[in-house]
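Colleague: What follows is the residue order along each chain.
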Amino acid sequence: MNFLKIVKYDFINILHNPALIISNTILPVVLIAVLGFVTQNNFGKEPLSAYDYQSVNMLIFSVSLIVAITTSNSFMEEKVIRGNMRIAYAPVSKMEMVLSKIVSSYIFVSICYGMLIPFCQYILGVNMGGNRCLWFALLLNAFSFFECCFGAMFCCIFRSEEQANSIMQIPLFIFIFLGGVLVSIHRLGKIVNEISYISPVKWIVRCSYQIIYDNDLHLLLSIIISLAILSLICLLICGLRFKPEEYI
Amino acid sequence: MRNLLQNKFERILQKKAILVLALIIMPLMIVLAIFFSGHSSIKEQIGYLGTDITNLPKCDQYTVVPISEMPKLSQMAEGMYAAVVSKDNHNKYTVTTLKSDTDSAAIETLFTTGQLPSNYKGDDAKRKERGTGTNILGFITMLIIIQGVALTTMYPEDRNLRTLRRIMSSSANIYSYLFAQIIFTFISLYLPTYVAIILAKRCFGAELGYSIDLLAVLLLIITLFATAFAIFISTVLDRNINLVTSGVTIITCVLSGCFLSISSDNVILMTICNALPQKVYMDIVHGVEFGGHFSDYGGELFYLFALSMLFYTITISVVATKTSKGAY
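Protein chains in written order, with full-length UniProt numbering: chain A, 1 to 248; chain B, 1 to 328.
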């Protein structure tokens, strides 16, 4: 019961932060429009246009970057810290405290991207695989849970929002770069190509393309399971490193 | 004033995150950017689907490789092949590609006549035509603007933790505090970046497109602008400063053609793009790389200068109002 109450307040807290709402709803759409516009001369109309291509890429990009930042903000932002301190006094286990931040931001981004994907497919008319976009949404949802755990893990390790955010962006940018979301890395040589398989973003991108363009779901289950395992590892590190007494 | 500045530099030693960011990550990203821009990447591949693979056409923009089966659309989207060409029974070539119709037609010509149309430029050729230096500085522009705000974090932090109030009740006033912050941001932005670039040139012999002196001036321009922007945004916003800056900077940098040149028939959109400071800066960078002189870009330089001054003016007026209201 306590847990649900904390989740509820954490969730309301996120809703009070306009920057987080904008960057999880409007920003991806603007990114799609801008990048689609910039690259439209490089693409033909058929079988997929610049907007089709960029919308998949940019949704993956914003989940990988912004979701983690959302969690770290909802965890350790200046205004939240005082509240956290009070929870630390209450009879709430420390794991419940960490989990409430993860769950609340996960619910928040699930709602945002759960709406964004159908919005792009059915209202903007971008090709996200028609009704198969639900599978794509499922994949992104699993990925955003991992990102939430990842963001929380960095907060637990570095113990301040600003440090967590600035350091966290480095592995995230490396993942994004190797995932080939921003620039195609296929032609940077064999070594870079082989290294790129360590990036979760690379697998998400490959699986999304397969779902959307080939109606091929064979990677989906194994990726969701691996993401679940990775999330558990992050949670484990959170449990080991999180010390609520540092708030006091 | 000197104490304030000293205070900044001493405190930075306590802040390992910022230190790591300024001295390691930022130079690393720049070296990587230079490395990958100068790195001669493998040419784009065209897959040829057919049996007579003895006499495949050769050209300087694409490599033609024989393949045995049609790649899936997802593999094409990943960029495995720029195009796939197949030949039917009537010796007619069919091109399957995600690229534009111009590219598609050029590739067809390559197969029927054995060479690309003479005035054709693929994506790689267009990038090269833009200039190596312009490509590198485009990326660095984005990094510097984001980084500038990250290096200014001590100012909003002082506000939140009420340190600023204590500083203001001493003999120092808010303006000398801000000035110290400006100098600090500028130095810690400019020096690591410049050193990283020199190292990349000296150690890896990277091709930069500019002489070191010219690059020093070009970097100076964008660093001065980024400092003004950082102070401005840190004053105007109270929270989520990093998040907002990243979003705004990425979008405006893409629209200014920091990564790819953009052109469109839409007049309103192009007017907006041309007014963006990064776009003005990219114009200077591009012009100078191809032999222009700074004196040719007086208007552009003045625009950047005026914009920086505008940022400072707004900052000062916001600070003055907030101080008189006692917000600190």
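Honestly, the hints are just simulated from the structure, not real lab data.
Just to be clear, a hint being listed does not mean it is correct.
[Unchecked claim] DSS-like, lysine-lysine: derived pairs with alpha carbons at most 27 angstroms apart: (1) A/LYS5 with A/LYS94; (2) B/LYS99 with A/LYS45; (3) B/LYS43 with B/LYS58; (4) B/LYS128 with B/LYS87; (5) A/LYS79 with B/LYS201; (6) B/LYS87 with B/LYS58; (7) A/LYS190 with B/LYS201; (8) B/LYS128 with A/LYS45; (9) A/LYS8 with A/LYS243; (10) A/LYS190 with B/LYS58.
[Stated by the list, open to error] Which residues of chain A face chain B? A partial, calculated answer using Cβ under 7 angstroms: (11) ILE26; (12) TYR213; (13) LEU217.
[As the list claims (entries may be wrong)] Distance windows between CB atoms, simulated: (14) A/LEU230 with B/ILE24: 55 to 61 angstroms; (15) A/LEU230 with B/ARG2: 46 to 52 angstroms; (16) A/VAL30 with B/ASN91: 45 to 51 angstroms; (17) B/ALA172 with A/GLU194: 33 to 39 angstroms; (18) B/GLU207 with A/GLY239: 28 to 34 angstroms; (19) B/ARG165 with A/ALA88: 23 to 29 angstroms; (20) A/SER93 with B/LEU23: 37 to 43 angstroms.
Please read all numbers here as calculations on a predicted model, not as lab measurements.
For each residue, glycine too, the CB sits at the ideal point set by N, CA and C.
Colleague: All hints, please: hold or fail.
Modeller: Hints and how they fare:
With a C-alpha separation of about 15 angstroms, the suggested pair A/LYS5 and A/LYS94 falls inside the 27 angstroms cut-off, and the hint holds. For the hint linking B/LYS99 to A/LYS45, the alpha-carbon distance of about 8 angstroms falls within 27 angstroms, and the restraint holds. Using a Cα cut-off of 27 angstroms, the hinted pair B/LYS43 and B/LYS58 holds, with the two alpha carbons roughly 12 angstroms apart. The straight-line distance between the Cα atoms of B/LYS128 and B/LYS87 is roughly 32 angstroms, outside the 27 angstroms bound, and the hint therefore fails.
With a C-alpha separation of about 45 angstroms, the suggested pairing of A/LYS79 with B/LYS201 is violated against the 27 angstroms cut-off. For the hint pairing B/LYS87 with B/LYS58, the CA-to-CA distance comes to about 17 angstroms; that is within 27 angstroms, so the pair holds. With a CA separation close to 25 angstroms, the supplied pair A/LYS190 and B/LYS201 stays within the 27 angstroms bound. Only pairs whose Cα atoms come within 27 angstroms are accepted, and B/LYS128 paired with A/LYS45 is accepted, the gap being roughly 25 angstroms.
This hinted pair checks out: A/LYS8 and A/LYS243 have alpha carbons roughly 22 angstroms apart, not beyond 27 angstroms. For the hint linking A/LYS190 to B/LYS58, the alpha-carbon distance of about 22 angstroms falls within 27 angstroms, and the restraint holds. Using the Cβ-Cβ criterion of 7 angstroms, the hint placing A/ILE26 at the interface with chain B is not satisfied: the shortest such distance is roughly 9 angstroms. The beta carbon of A/TYR213 is positioned within 7 angstroms of a beta carbon in chain B (closest approach about 4 angstroms), and the interface hint is therefore held.
Interface restraint check: A/LEU217 against chain B, minimum CB-CB distance 12 angstroms, threshold 7 angstroms, status violated. For the pair A/LEU230 and B/ILE24, the beta carbons lie near 26 angstroms from each other, so the given range of 55 to 61 angstroms is not met. For the pair A/LEU230 and B/ARG2, the beta carbons lie near 50 angstroms from each other, so the given range of 46 to 52 angstroms is met. For the hinted restraint 45 to 51 angstroms between A/VAL30 and B/ASN91, the CB-CB distance of approximately 48 angstroms keeps it satisfied.
In this structure the supplied range 33 to 39 angstroms is violated for B/ALA172 paired with A/GLU194, their Cβ-Cβ distance being about 56 angstroms. Taking the beta carbon of each, B/GLU207 and A/GLY239 are about 49 angstroms apart, not inside 28 to 34 angstroms as hinted. At about 27 angstroms, the beta-carbon gap between B/ARG165 and A/ALA88 stays in the expected band of 23 to 29 angstroms. At roughly 39 angstroms, the beta carbons of A/SER93 and B/LEU23 sit within the given window of 37 to 43 angstroms.
The structure is inconsistent with the numbered hints 4, 5, 11, 13, 14, 17 and 18, although it conforms to all the rest.
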